[in-house]
Amino acid sequence: MPESSSRIFRFAPSPNGALHLGHAYSALLNHDLARAAGARLLLRHEDIDRARCTLAFERAVEADLRWLGVAVEDRPRRQSEHFADYRAALEALEGEGLVYPAFMTRGQVRAFAERWQEENGRPWPRDPDGAPLYPALDRSLSARERAERIAEGAPFAWRLDMAAACARTGPLSWTEEGGGEPGGVRVAAEPQAWGDVMLARRDLPTSYHLSVVVDDALQGVTDVVRGADLLPATSVHRVLQSLLGLPAPAYRHHALILGPDGRKLSKSARDAGLAALREAGLTPADVRRMVGSGGEIGEPA
Numbered sequence: 000m001p002e003s004s005s006r007i008f009r010f011a012p013s014p015n016g017a018l019h020l021g022h023a024y025s026a027l028l029n030h031d032l033a034r035a036a037g038a039r040l041l042l043r044h045e046d047i048d049r050a051r052c053t054l055a056f057e058r059a060v061e062a063d064l065r066w067l068g069v070a071v072e073d074r075p076r077r078q079s080e081h082f083a084d085y086r087a088a089l090e091a092l093e094g095e096g097l098v099y100p101a102f103m104t105r106g107q108v109r110a111f112a113e114r115w116q117e118e119n120g121r122p123w124p125r126d127p128d129g130a131p132l133y134p135a136l137d138r139s140l141s142a143r144e145r146a147e148r149i150a151e152g153a154p155f156a157w158r159l160d161m162a163a164a165c166a167r168t169g170p171l172s173w174t175e176e177g178g179g180e181p182g183g184v185r186v187a188a189e190p191q192a193w194g195d196v197m198l199a200r201r202d203l204p205t206s207y208h209l210s211v212v213v214d215d216a217l218q219g220v221t222d223v224v225r226g227a228d229l230l231p232a233t234s235v236h237r238v239l240q241s242l243l244g245l246p247a248p249a250y251r252h253h254a255l256i257l258g259p260d261g262r263k264l265s266k267s268a269r270d271a272g273l274a275a276l277r278e279a280g281l282t283p284a285d286v287r288r289m290v291g292s293g294g295e296i297g298e299p300a
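Position one of the sequence shown corresponds to residue 0 (numbering that gives the first Met the number 0), numbered consecutively onward.
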């Protein structure tokens, strides 16, 4: 564990909607843990989705954090300004023969999975998020065939050859904190469950997996505190860290805030944003009571 003075936490939302109570819990937990450790807390705007992320949402995020009393350092990192960093990491993996252009669309992957089940009587495997694994039929294309398809303008994504990557890294694990064990516990990574994950597209030189790993390393992040829904993705992140020679932070995956119907809160479902709660007269203390230590939302006392 790094010394307190050298520890760095980060809160890294996507500015594509209003922050809700789930974000508030994560931001407050990062703030409280960083303050207790005498550590720095950074804000990062994960805005690689330029179609949905806006400057207005960034400003709203920062306003919500100020209202909550979450103190972050000035000059947050904006991912859209650092595509060159991600492109360099992708090119390093390409130079090692660990990524390949994948031409099947999501619809084609779903159709493949459906045909497989019909023909074999058992379902095609899915990743931890529930999506069918990429069949990797085009992983064996020759360099000439790949070049021809790219020259023809065929859309493609860069995918990690997971079998080759895992053969290169060997078994991996990470330190998971927050379970009551001093120093945390070691968790074995299971990246094979994700298959050949997408790392970039032809028109976008990165993905969540690639950018978050590169950002954490470049920003010197030592402690990643985020929702339990991202725990499975840590296996992919450990593989990329190992392949790129990047340090591995300590992780803490906290409980999710659930709505009254038991589902995870979501921007897309238009769950009540912090700004709306503020306008309704609630205080930061009310929000702290509502999120408690995670789990189902209660009413403010």
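These aren't lab readings, by the way, just hints derived from the structure by calculation.
Each hint should be verified, as a subset may be incorrect.
[As the list claims (entries may be wrong)] Label pairs and their in silico Cβ distance ranges: (1) Gly-219 with Pro-154: 33 to 39 Å; (2) Gly-94 with Ala-153: 19 to 25 Å; (3) Gly-179 with Ala-284: 25 to 31 Å; (4) Pro-283 with Glu-90: 40 to 46 Å.
Where is the CB? At the ideal position from N, CA and C, for every residue including glycine.
Could you tell me which of the numbered hints above are not met by this structure, giving the numbers in increasing order?
none
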